[in-house]
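Listed below are the residues making up each chain.
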Amino acid sequence: MEGLTVKAFGMIAEKLPEQEFKFPKKENTEELLASLYNEYPNLKDLDFSLAVNQQLIQQNTPLEGDEEIALLPPFSGG
Amino acid sequence: MSRFSRQTILPEFGQEGQEKLSRARVLVVGAGGLGCPVLLHLAAAGVGTIGIVDGDTISESNLNRQTLFGHQHTGRPKASTAAEVLKEKYPDLNFEVFSDFLNTNNALEIISSFDVIVDGTDNFGTRYLVNDACVLLNKPLVMGAIYKYEGQLMIFNYGSVALNYRDVYPNPPSENQIPNCAETGVLGVLPGIIGTLQASEVLKILSGVGKVLSEKILFFNLKNSSFYEVGIQPNTKGRENLPESEMDFKDRNYNINCGIAERINWETALDWALNMTNSILVDIRETGEKPLFEKEYLSRIPMGDIRENPESLSAYENILLCCASGQRSSQLAKELKQQFPEKKIFSVEGGILNPASPLNSNEYDT
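Chains A and B, in that order, give the protein sequences. 2 is the number that full-length UniProt numbering gives to position 2 of the first sequence; each next residue is one higher, with no gaps. 175 is the number that full-length UniProt numbering gives to position 175 of the second sequence; each next residue is one higher, with no gaps.
Excised from the complex, chain B in its bound form (with noise of 0.2 Å):
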């Protein structure tokens, strides 16, 4: 018997359907706790072209849930150890590894080349970005998504209405309902049964197999082990905020934060300061705020004049904030962030009244 024999002889797949997967070019966005069941059994179901992008690389916390790693591929990136693994099990298959977030530079060149589109990202802005980027390009997308023990399924641009995701939500949340992503907690079975779900639709779309989940999103939840579905259909709002064409696409910003700024830690922050020149850290405590320090390392620009004047960090591609706690640091991190998408934008921990931090003494009053 052949490898692909328990699915060809299904009488409605066949011998055709296994020819299409193996033709089929698909792409999953994003290598984490639903991309490696996708990968998975696209993999072992015979697809014959697979894209990876994914831009991260493997943590140990990524384990309970990201299938396809292990201990031993602790630190390496997550595309190109995907596509190894899987290469190891199916070595007639083709990968394709794109180990880069994607961003409006090279999601449309990227996308093109596939047939359909899997987004298992965990950020609103890629997803809003790949969502948009399937508009424009009119590729099929099987979207899911997942919140501790509850899941959602959405398939877009495909059938007789081709519904997308701001048809479902027109815009994406504002920053401060979106919990910190990294520290949400998840059961890991969770993104398999949802990746294991988006795989199926994937297989029925390419063998024209049973009735795609199209028009329709449907929610999971594992503490009831209930579904729930429910229909949509196009938003006139929704449609008014996507990009009009692949210019107006490029020259947006899909740069949404966590709720919370990234943090460094004191001894990282001293280091860069003094030692990469193209990093900046700065006090912004307001004018009058003791004590005065004068460190090489530190420069001191009140946050009132950073928020009136952004452009005066510019020249920087680190910039490091700290004040008396870590609060306003943080606060301020993320506007900036929302200026300068492309730099590293952090808010050192603790600020300077952490016991870590170098300006630490007696002589700061509380």
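Chain A with its partners taken away, still in its complex shape (with noise of 0.2 Å):
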């Protein structure tokens, strides 16, 4: 199946019906956040980084639809 793939941590994935699954092509992460708060608006209460292609990012970046997209929240626990 085409599209992106979104893996999800932590308490990010608790939030998520799935801890993996597949999303409709986006145009660029910033677009890409918006439709998974519209979709589980639960993850507005969250703070995470965004990963794409196991790379982390630090602003809007580009996708050509096929990346793997990673939530990834702080732990704390010790």
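If you're looking for bench data, these hints aren't it; they were derived computationally from the structure. Some clues are possibly wrong.
Some but not every residue of chain B turned toward chain A, in silico, with C-beta under 8 Å [as the list claims (entries may be wrong)]:
hint : residue
1    : Gly-120
2    : Phe-124
3    : Ile-146
4    : Gln-152
5    : Val-168
6    : Tyr-169
7    : Thr-184
8    : Val-186
9    : Pro-191
10   : Phe-219
11   : Tyr-228
12   : Glu-229
13   : Val-230
14   : Gly-231
15   : Ile-232
16   : Asn-235
Quick caveat, the model's predicted, so the values are computed rather than measured. Every residue, glycine too, gets a C-beta built ideally from N, C-alpha and C.
Since each chain sits alone in its own frame, please combine them into the complex, following the hints.
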């Protein structure tokens, strides 16, 4: 199946139906986030960092459409 | 065969690697779920001097994961007990015990005398504090963190691009996102795995063997037995949040509370209010809320007034707040903790309506 692959970690995964799922193609990471927030409003309450193809990004990043996106929250436990 | 022969016969490691270990000084912050396996492996491998920082004591519920400790140790301080257990196993090693939590006053001094720092703490506040101190002092930091069945491993201030925790997470998350630290479940073996990985990275840094996991975060998922690696780069926004100097660091407030206020039961609250002059028990219900109580141990200051003028409570070290059900007092306790991080601030469990409350009676009309 075509499209983005979204992988969620930690507390983020608990707010989503699956730890890993396919998501329709988006132009860039900002659009992707907006769609994710729209579909899963619970995500808005949490801070996380975003990785595209296993590389952390810091700003809006263009997407080809077949990337692997990881939603990475901080963990505090020890 | 000597104690270290199985590692000194490794060609890359050799006697030279062993000597590097025995000359090294490693500081382990937090002797808990992560700290225990880190300490155990560093000591077994022969790291010459190990510092242990922890202000906590051992409780029964620690024992599923804090593998240096057993039933006989409950109630005892973690840092000195860990040192004692390890000293018995390896009498030739040196242990330096710091039985306090790390704070802005002691962190720089403690950290500065060590070569490598290991973070195994259990809260965001201390994680950012250790990170910022290690950036200021340019100390390699091996950070591990866990959440339920997952773990993170990161190595900072090491290698050609010195990265730090704020490159990954520029700011601590807001308080309402933080689970109650003490009550998040964890399968004991998880910190065992992450802590052992931390120890392995420390040994690589010290001996020069292998490639240290720098410029990356490694995620581990126990349920899927899977690892996931993510590359990291300097983050300008994160770096702007770093303290500029040691002075700036010391002035900062790294206190981040768990999402839940500390609670106290009625029995203890009454005891403190009656017998400790530096304690105050405050009924924070708003003006007009009934019934009124006239008790020697109880002061009435409405929540709104306290929010407007928190300084009115500044003379007390222990501030105990109660309301009807414990909800508002819990909220206010969190807010006041921000204002007075050094004070003990509690919400009285269940409030006035709690059956254990001496103020609970039939006249209370909900």
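How the hints compare with the structure:
1. Gly-120: Result: holds, 5 Å to nearest chain A Cβ.
2. Phe-124: With a minimum Cβ separation of about 5 Å from chain A (threshold 8 Å), the hint on Phe-124 (chain B) holds.
3. Ile-146: holds, 4 Å
4. Gln-152: holds, 5 Å
5. Val-168: Result: holds, 6 Å to nearest chain A Cβ.
6. Tyr-169: OK, holds: Tyr-169 (chain B) within 8 Å of chain A, min 5 Å.
7. Thr-184: Holds, because the Cβ-Cβ distance from Thr-184 (chain B) to chain A comes to roughly 6 Å (cut-off 8 Å).
8. Val-186: holds, 6 Å
9. Pro-191: With a closest approach of 7 Å, the Pro-191 (chain B) hint holds.
10. Phe-219: This hint holds: Phe-219 (chain B) lies near chain A, its Cβ roughly 6 Å from the closest one there, short of 8 Å.
11. Tyr-228: Check passed: Cβ of Tyr-228 (chain B) comes within 7 Å of chain A, closer than 8 Å.
12. Glu-229: With Cβ-Cβ at 6 Å, under 8 Å, it holds.
13. Val-230: At about 5 Å, which falls below the 8 Å cut-off, the nearest Cβ of chain A leaves the hint on Val-230 (chain B) intact, so it holds.
14. Gly-231: With a closest approach of 5 Å, the Gly-231 (chain B) hint holds.
15. Ile-232: With a closest approach of 5 Å, the Ile-232 (chain B) hint holds.
16. Asn-235: holds, 5 Å
This entry satisfies every hint, going by the numbered hints stated previously.
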